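Work out the full structure: start from the sequences and follow the hints.
Top line first, the protein sequences correspond to chains A and B. Residue numbers for the first sequence follow this note's numbering, beginning at 1 and rising by one. Residue numbers for the second sequence follow this note's numbering, beginning at 1001 and rising by one.
These are computed hints drawn from the structure, not numbers from a lab. Check before you lean on any hint, since a few could be wrong.
Here are the simulated lysine-lysine pairs, DSBU-like style, with alpha carbons at most 30 Å apart [what the hints assert, rightly or not]:
(1) K1167/B with K27/A
(2) K1050/B with K175/A
(3) K1050/B with K1247/B
(4) K1247/B with K306/A
(5) K175/A with K1167/B
Short derived list, chain B residues pointing at chain A, Cβ under 7 Å [stated by the list, open to error]:
(6) V1019
(7) Q1129
(8) M1130
(9) L1134
(10) T1141
(11) L1218
(12) K1219
(13) G1229
Note that the coordinates shown come from a computational prediction; the quantities given were computed from them, not determined experimentally. We put the CB at the ideal spot given by N, CA and C, even for glycine.
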Amino acid sequence: MSILVVAEHDNNAVDPSTLKTLAAAQKIGGDIEVLVAGKGCSTVAENVAKADGVKKVMLADNEAYEHQLAENISELVADLGKNYSHILAPATTTGKNFMPRVAALLDVAQVSDIISVESDDTFKRPIYAGNAIATVQSEDNIKVITVRATAFDAVAAEGGSGDVESIDSVFNNDKSEFVGEQLAESERPDLTAAEIVISGGRGMQNGDNFHMLEDIADKLGAAVGASRAAVDAGFVPNDMQVGQTGKIVAPQLYVAVGISGAIQHLAGMKDSKVIVAINKDEEAPIFQVADYGLVADLFDVLPELKEKLKNTFEDSLPASI
Amino acid sequence: MKILVAVKRVIDYNVKVRVKPDQSDVDLANVKMALNPFCEIAVEEAVRLKEAGTADEVVVVSIGPKAVQEQLRTALALGADRAIQVETDDMPDSLSAAKILKGVVEKEGPDMVILGKQSIDSDNNQTGQMLGALTGMPQGTFASKVEVGDGFVNVTREIDGGLQTVKLNLPAIVTTDLRLNEPRYASLPNIMKAKRKPLETTSPDELGVEVKRTIKLLKVETPAERSAGVKVADVDELVDKLKNEAKVL
Ligand SMILES: Cc1cc2nc3c(=O)[nH]c(=O)nc-3n(C[C@H](O)[C@H](O)[C@H](O)COP(=O)(O)OP(=O)(O)OC[C@H]3O[C@@H](n4cnc5c(N)ncnc54)[C@H](O)[C@@H]3O)c2cc1C
Ligand SMILES: Cc1cc2nc3c(=O)[nH]c(=O)nc-3n(C[C@H](O)[C@H](O)[C@H](O)COP(=O)(O)OP(=O)(O)OC[C@H]3O[C@@H](n4cnc5c(N)ncnc54)[C@H](O)[C@@H]3O)c2cc1C
Chain A
1 MSILVVAEHD NNAVDPSTLK TLAAAQKIGG DIEVLVAGKG CSTVAENVAK
51 ADGVKKVMLA DNEAYEHQLA ENISELVADL GKNYSHILAP ATTTGKNFMP
101 RVAALLDVAQ VSDIISVESD DTFKRPIYAG NAIATVQSED NIKVITVRAT
151 AFDAVAAEGG SGDVESIDSV FNNDKSEFVG EQLAESERPD LTAAEIVISG
201 GRGMQNGDNF HMLEDIADKL GAAVGASRAA VDAGFVPNDM QVGQTGKIVA
251 PQLYVAVGIS GAIQHLAGMK DSKVIVAINK DEEAPIFQVA DYGLVADLFD
301 VLPELKEKLK NTFEDSLPAS I
Chain B
1001 MKILVAVKRV IDYNVKVRVK PDQSDVDLAN VKMALNPFCE IAVEEAVRLK
1051 EAGTADEVVV VSIGPKAVQE QLRTALALGA DRAIQVETDD MPDSLSAAKI
1101 LKGVVEKEGP DMVILGKQSI DSDNNQTGQM LGALTGMPQG TFASKVEVGD
1151 GFVNVTREID GGLQTVKLNL PAIVTTDLRL NEPRYASLPN IMKAKRKPLE
1201 TTSPDELGVE VKRTIKLLKV ETPAERSAGV KVADVDELVD KLKNEAKVL
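Below you can see the structure in the form of C-alpha cells.
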C-alpha cells in the first residue's frame, strides 16, 4: 500500500492538521508520501519531510497552486494519486473543497471526515451531527479520504528524514481565478488547535461584549469561539463558528458562555475533555453535557472569573511573567 | 439565465436521530422529514436572483423515491418555476448523485447550479464539488455572497481563516453556506400555487446513469454519551474544581 497525503499549509508553515492526517495514514499502514502544492512553499516541504514516517515529499511550487484553487489542485492530486492506494487530506475547508473533485476525477467515492481507521478499507465517521457513528467500508481501488483532525494525535514533527522532490506538472485552468481574501488576524491560538477554547453565544448580546471572553482567553492562552447564532447576528466573524457546519474542536477545556447547546453546536465540541457551561437558564441543554455548570448571569460572573483567574495565575507563575 | 438547484430530503434539523437496536442504520420511521437547510438557502438564492432580474428560470431537482416530491413542492412554493424528480428507491451515494445531476445539467443547460454545501444527514459535503469535476465547471463552495456579472460570478466563500473571493466563468457551481441568505417562509397562496407548477419525473436509466455503491455501511452506533456533571455554586467553586479536580488550569 502507498498513501498520498496532501499537506495543508499557507505557503509558509505547515498546518497542524497535516500532522494529524499523517497519524491517520500511519494507522492505515504503508509507504507515506506527501504532496506540498503552493507557491514559494519549499520551506513547508522541507519541514514536512522531517515529520515522523514521511518517506518522500513532492513539491509542486507554482503560481497555479498559490491559493489552493480546487480546479487546479484537484487535477494535480488526481494525476499523482492514480499511483496510490489511498489519498488523504485534512477535512478543513481547503480539503473539503478539492478532495471530492479528486474523487470524481478518479471515478471513486469519497469517505468524508473519518474519526478512526479500523483497517485499510474500513473507517468510522460521524453522521447526523455526530448523533450516530457509521462504520463504512470502501470497495474502491483508490480510497479518497478526508480526516477529522481532532480525532487523531499528531505525529512527531521532527525525527523523520524524507526526501524532497520537485514536481513540474502544472494544471492551470482558465475558468476560475482568485480575487482576494479577508483573513482573520489574531494573536490567539488557532481555534482547532487550542488547549482551551472559550465560546460565546447569543447570550453575549453584541460583539463588544466578546471582549470579556477575549480578556479571559488571553489570561489562559485560549482561543475564542462562537455559536452560529452569535455569528449570524454579526457579533463575530464566521471563522469562529463551532459546530456541525463550522469548526470541530476538542480541547482540554471548553467553556460555553450564553450558549444553549443545540445539537448542531454540540456536534462541534462534545469531544472536549472538560466542558464548562455558564448559562442563566438552568434548563439549557448545554448543562446535559457539561462537567461543570454554573447557573448565573454571564454579565455578573465573567468579570469575577477574570479576577479570580488573575489571582490563580499570579499565585502559580513566577513574578517575572 | 437559467439556474438549476439540487435539493435533498433529509431528517428535520430539530430531530435527534436514534440508532436502530440492530445497529444496521438509523431509524427514520415516523421521523419528521424536511428540505435540507442548505438546500433551502440554495433555493432562496436562486429565487432572489430571479426577483432581481438576473435569472429568468429556476428549476429544482431532487433524486430519490416518490416522497421527495414533497420537498420539491416546498421548493416550488418558495418560488422555483418547475421541478424534476429523478426517481430511485434508495439514496444514491454522492458520486452517483453527481453523475445523475450531470445528466440533468446536460439536458437543461443551466448557467449556474446551486447546491447545499452539505446535507445534514450524511454530512458528506461532496456532491457539488463532484458535479464540478464531472462537468468541468468551476466551483464556489461554502458561499456567503454571490454576485453575478456578465458571463461570470464572484463568489465569497467562508473558509477556516476567514473569507475568500473567487471569480468563476459561467456556467459555474455554487454551494451554499449559512450566511448566504435567510430563507423566506412559503406563504399559503404560494403553497397552493406550487401544487399547479410542473413536476416532471425521470430516472437514472433515462439519464444514462448507473447507480452503484462502492461504500458499504457496515454498522451504525450511538456515540459515547456524555453525562451531565455537577452544578457549581459560584465562580470560586468553578475555579477550584478546574484547578484541583479536573486539573485543566
Ligand atoms: C443547518 C444548520 C446548521 C447549523 N450549524 C450550527 C453550527 O455549526 N454551530 C452552531 O453553534 N449552531 C448551528 N446551528 C444553529 C443551532 O441550531 C442553534 O440555533 C444555535 O447553536 C443557537 O446558538 P446559541 O446557543 O448562541 O443561541 P440560543 O439558542 O438563543 O441560546 C442563547 C443562550 O444564552 C443564554 N443566555 C442569555 N442571556 C444570558 C445571560 N445574560 N447570562 C447567561 N446566559 C444567558 C440563554 O439562556 C440561552 O440558553 C445550525 C442550524 C442549522 C439549521
Ligand atoms: C445513515 C446513512 C447511511 C448511508 N449509507 C450509505 C451506504 O451504505 N453507502 C453509500 O454509498 N452511501 C451511504 N450513505 C450516503 C448517502 O446515501 C449519500 O451519500 C447521499 O444521499 C448523497 O448525497 P450527500 O448527502 O453525500 O450529499 P452532500 O454532498 O452532503 O450534499 C450536498 C448537496 O448535494 C445535493 N444533493 C445531495 N443528494 C441529493 C439528492 N438525493 N437529490 C438532490 N440533490 C442532492 C444537495 O444540494 C445537497 O445540499 C448513507 C447516508 C446515511 C445518512
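Hint by hint, here is what the structure shows:
1. Note on K1167/B and K27/A: the hinted pairing is violated, with a Cα-Cα distance of about 39 Å set against a maximum of 30 Å.
2. With a C-alpha separation of about 24 Å, the suggested pair K1050/B and K175/A falls inside the 30 Å cut-off, and the hint holds.
3. Proposed proximity of K1050/B and K1247/B is contradicted: the alpha carbons are some 57 Å apart, above 30 Å.
4. Restraint check: the Cα-Cα separation between K1247/B and K306/A comes to about 18 Å, which is no more than 30 Å; the hinted pair holds.
5. The straight-line distance between the Cα atoms of K175/A and K1167/B is roughly 8 Å, inside the 30 Å bound, and the hint therefore holds.
6. With its C-beta approaching chain A no nearer than about 5 Å, V1019/B sits inside the 7 Å limit, and its interface hint holds.
7. At a threshold of 7 Å, the smallest CB-CB gap from Q1129/B to chain A is about 4 Å, leaving the interface hint in force.
8. For M1130/B, the interface hint holds, the least distance from its beta-carbon to any beta-carbon of chain A being 4 Å, beneath 7 Å.
9. The closest approach between the C-beta of L1134/B and any C-beta of chain A is roughly 5 Å, which is under the 7 Å cut-off, so the hint is satisfied.
10. Of the supplied interface hints, the one on T1141/B holds, with its beta-carbon coming within about 5 Å of a beta-carbon of chain A, less than 7 Å.
11. For L1218/B, the suggested interface contact is upheld, since its CB lies about 4 Å from the closest CB of chain A, less than 7 Å.
12. Interface restraint check for K1219/B: the shortest CB-CB distance to chain A comes to about 4 Å, inside 7 Å, so the restraint holds.
13. About 4 Å separates the beta-carbon of G1229/B from the nearest beta-carbon of chain A, less than 7 Å, and the hint is met.
Hint compliance for this structure: hints 1, 3 are not met, and every other hint is.
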